[in-house]
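K.L.:
Residue-level listing of the chains:
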Amino acid sequence: MNNTDAVKRWEETSNKFCVRCVLRHLCFDWIWVLRNESEITEHLKETFPEFLQHAVAGADSIDNANHQLKRQGSCHCCLGILESNFLQPCLKHIVDALSKESYQFATYQPQYFLPVQLQVFGLYSMKYFEEKYSDVLKKHNPTDVKEVFKALMEPILIEGINQERDPNGVLEISLHLKHVSTETNFLTHVSSKCNEKKTFNRKRPKNDEPTFTLARIRSAMLNLNDSELEKLCSIDLEPSVVGNVQLFHTAVFVGGRYNKYSRELPQTPWLVEGERKLVSSVQEYISTPIQKAFGADSYNFSTSGREDVDVRMLGNGRPFLIELINARQSKMDATQLTEISHQINGQNNDVSVHSLKVVSKSDCKKLKEGEEEKTKSYSAVCCFIYPPSPDSISKLEDLSKITNLELKQKTPIRVLHRRPLATRSRYVHAIKAERNSNDSRVFKLLLSTQAGTYVKEFVHGDFGRTTPSLGDLLSAEVDIIDLDVESVNLQWPPT
Amino acid sequence: MTMDDQNKDNTAPVKSLPVLCHSVVERYFVRGYKVNLPKGGILSDFCEAKSNMNDVRILRHSNRICIVTMAPTHPALRPGTTITSVSFKVTDKLDRSNNVVSGKRKRGAQWLNPSSPLCIVTCDDGAQHTVFCGIRAKLVEMNERLLSKPKLLQSKTETEGYVAIVMPKLEEANHTMDGLLTAEDYLQYRLKQETLHSVSSDKSPPTSDSNNKI
Ligand SMILES: [Zn+2]
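In order, the protein sequences belong to chains S and X. With my numbering applied, the first sequence corresponds to residues 1 to 495, in that order. With my numbering applied, the second sequence corresponds to residues 1001 to 1214, in that order.
Chain S extracted, bound-state conformation (with noise of 0.2 Å):
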C-alpha cells in the first residue's frame, strides 16, 4: 500500500471511528483502551508505522486534540459513547439524581442500559475492519462496547460518588443511554428483517422500552446482507445522550414483635370485593409510621402465624417482619428505632410493637422457618351449653393428664371458601382448665399446641369435623366464648 491510500484509508476510518474503537478493533490492549484520545493516537502511530506514519502525520499537524471536529458525525461503532468527553456528562446525571433524592447508602452497584442499535453497528464496524485492514488485522475480537463503558466510568464514578462501591451495593443506579435519530426509523427497518413474528410479552409493562428486544435485532440481524448493513449504518450520527437514571435501594428488613389487645382489630386489611370492612389492622399499625421513618415507598408484611380478629395476642408478642421496597435509609441506631416504637404505641391501645431490629436478609427466612413445628400456648373462656354432668366436670379435671393428644382436623368451615379440603394432623400437648367459682359452665382452657392447630375448632368440634373435640373429650357440648393467643415460642428477632 503506498503513502496516498495509506493516507486515503486512514481519513475515511477517522471520519466513521472513535480512535479508541480503531484501538479496539485493531490491536485491543486493556492499558491502551482505557487512555484518552491523543494517548490512543501515539500509540496508534507507534504501533502501524508502517501505514499511519504518514497518515496520521497529516492530521496530527491540523489539532490531535481537536480531531473529533473533523469526523461528521458520532462514532459509528460505539455512538460516542465511549468518547472521553461522553463520560463526565454521564457522572453529572448521576450526581443530579442522587441530590434530588435524600438515599442515605453505604454501598453501591452501578448498571448500564445501553442502546441496542450498538449490536447493529458493532456488526457494521467489524466487517469494515476486516475488509480495509485485512493487511494489519491478526485477530480480531474486539471486546465488548458495554466491558469498555463499565471500565472508562468507573475511576470517574469512584472519584465523584463518595461512597463505597461494591458489587451487591444497597443503590442501584441504572443508567439508561439512548441513541434519538436511530431509535425509530432505523430501529424499525432492522427489525422488518426478522423472521418470527412480532410475539407479545406480557410481562412486559405498556411504557417500558420499545419493542426492539436484542433477541429480536440479533435475529433481524442474520438476514441483513451486506449491502443493506452498508446502506444503513452510513450515515451521519449525532452523539448518544443520557436518556435517564434509576436509583433503587434494595429491599430493608424490619423485624419485631407485636401484641394485639382488641378483639375488633383484623391482622392485615379485611377486603371484601376491594372494600374495606374495618378501620384499620395490625399491619397498618405497625408498617405505615416504620415506612415513613425509612423513607421507602412500600412495604410488605408478614408474620410467623397469624390471629383472627377477635382474637387477643398477648404475652411476648407475635414475631413480625417488614421487607420496605425502595427505602431512603438502611440503618437506624437503637435510639432511632426506640422512637419509632413509642410512635407506633403512642397510637391508640390496640397494638403494641417492642424489639424492633433492621435484620439482614439472610435472617428473614428464620421467620418462617419451622412455622409448623412451633408451639403456641392459648389461654380460651369456654362454656358448657347445659349445665355439666358430674362425669363432664370429673372429666375437665382430668384434662391436665392429656399430653400430645392428635387431632384430625378438616379445614375448617369458616376458612372453606379459600382454602383447599384437607385433613390435617396436629397435636395438642397439654391442656388445663381453671373453673370458674360463679359458674359452673364456665371454664378457663389453657392449651399448648403445635402451631397451624385450630383452636375454636378443637373446641366446638366444627360440625364433628375435628375430633376429638373438647365436646367428645367431656362428652357434653362445649363451646367457646373467647380466645387469646398466650405466646409464639420463636426466637426472633434474631440476636
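Please note that a few of the clues may not be correct.
[Claimed, not checked] Mimicking BS3-like on lysine-lysine, the simulated pairs with C-alpha atoms at most 30 Å apart in a straight line are:
#	chain 1	residue 1	chain 2	residue 2
1	X	Lys1156	S	Lys408
2	X	Lys1151	S	Lys410
3	S	Lys456	S	Lys408
4	S	Lys361	S	Lys150
5	X	Lys1104	S	Lys456
[As the list claims (entries may be wrong)] Not close to chain X: a few residues of chain S, all C-beta gaps over 10 Å, as computed:
#	residue
6	Trp30
7	Thr47
8	Ala106
9	Thr143
10	Asn162
11	Ile217
12	Ile235
13	Pro269
14	Glu372
15	Arg424
If you are wondering where the hints come from, they were derived from the structure by calculation, not from laboratory data. Fair warning: this is a prediction, and the values are worked out from it, not measured in the lab. Cβ coordinates follow ideal geometry from the N, Cα and C atoms, glycine included.
Since the structure of chain S is already known, use the hints to place chain X with the ligand on it.
P.N.:
Showing chain X with the ligand alone in chain S's frame:
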C-alpha cells in the same frame, strides 16, 4: 322480633339459664329452608295443599359455604321412627362417596341442583327417604360419619348430623337464600302443615322435636 329470633326455628332447647354465648350455628350462620322436595314450592303454596314434608335446612355461613341438614319436619325425624342406615349411592351410577375436590376452587366437585339427591335414609319401619340438596352448589363434602352412625341425623340434626357441605358458585353466592323459606316463614309453614296432616291422618304429626337439640 330481633334478627336472632327470626333466625330460629324453635328447635333450640329452652334455655332457663342466661345465654352465655350463642351456638356456633347462631353466631355464624343464617338458616333457610327448602320444603316439599324435589318439587319445591313457595310459602303460599302450602296454605291449602299438603307438603310431602321432604324438607331440608340450609345453614349459610357468611363466607358462602352452606351446610345441608334435614329439616325438623322431615318424615324420617318423626318421634318413634329410627333411622337405621344411610346410603350415598343415590342412583345406580351416582355415588356421592366418589366426590373428590381439589384446590381452593373445589375442582372436580359433583354439581348439585335443588332437586339433586344427596343420600337415601332407611328407617326401622322400612320406609326410605331421599334427602335432596335444596340449592344450587358444588358438593364439597358428604358427612361420612353418617354411614357408621346414621342416628346422628336424629340426635344432632343441625351439628354433627349434617348431611353435606356445599359451596355455591361465587357469582350466585349472594342469591343462595333467595328461593328458600326464612326461619319465620318455616314456622308458619310448619304450623299449617301440622294442622293439615293431623286432620287427614291418624299418624302422629311431625311436631315434637325435643330430641333434635342444637
Ligand atoms: Zn467509538
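K.L.:
Mind listing which of the numbered hints don't hold for this structure, in increasing order?
P.N.:
Per hint list: zero violations.
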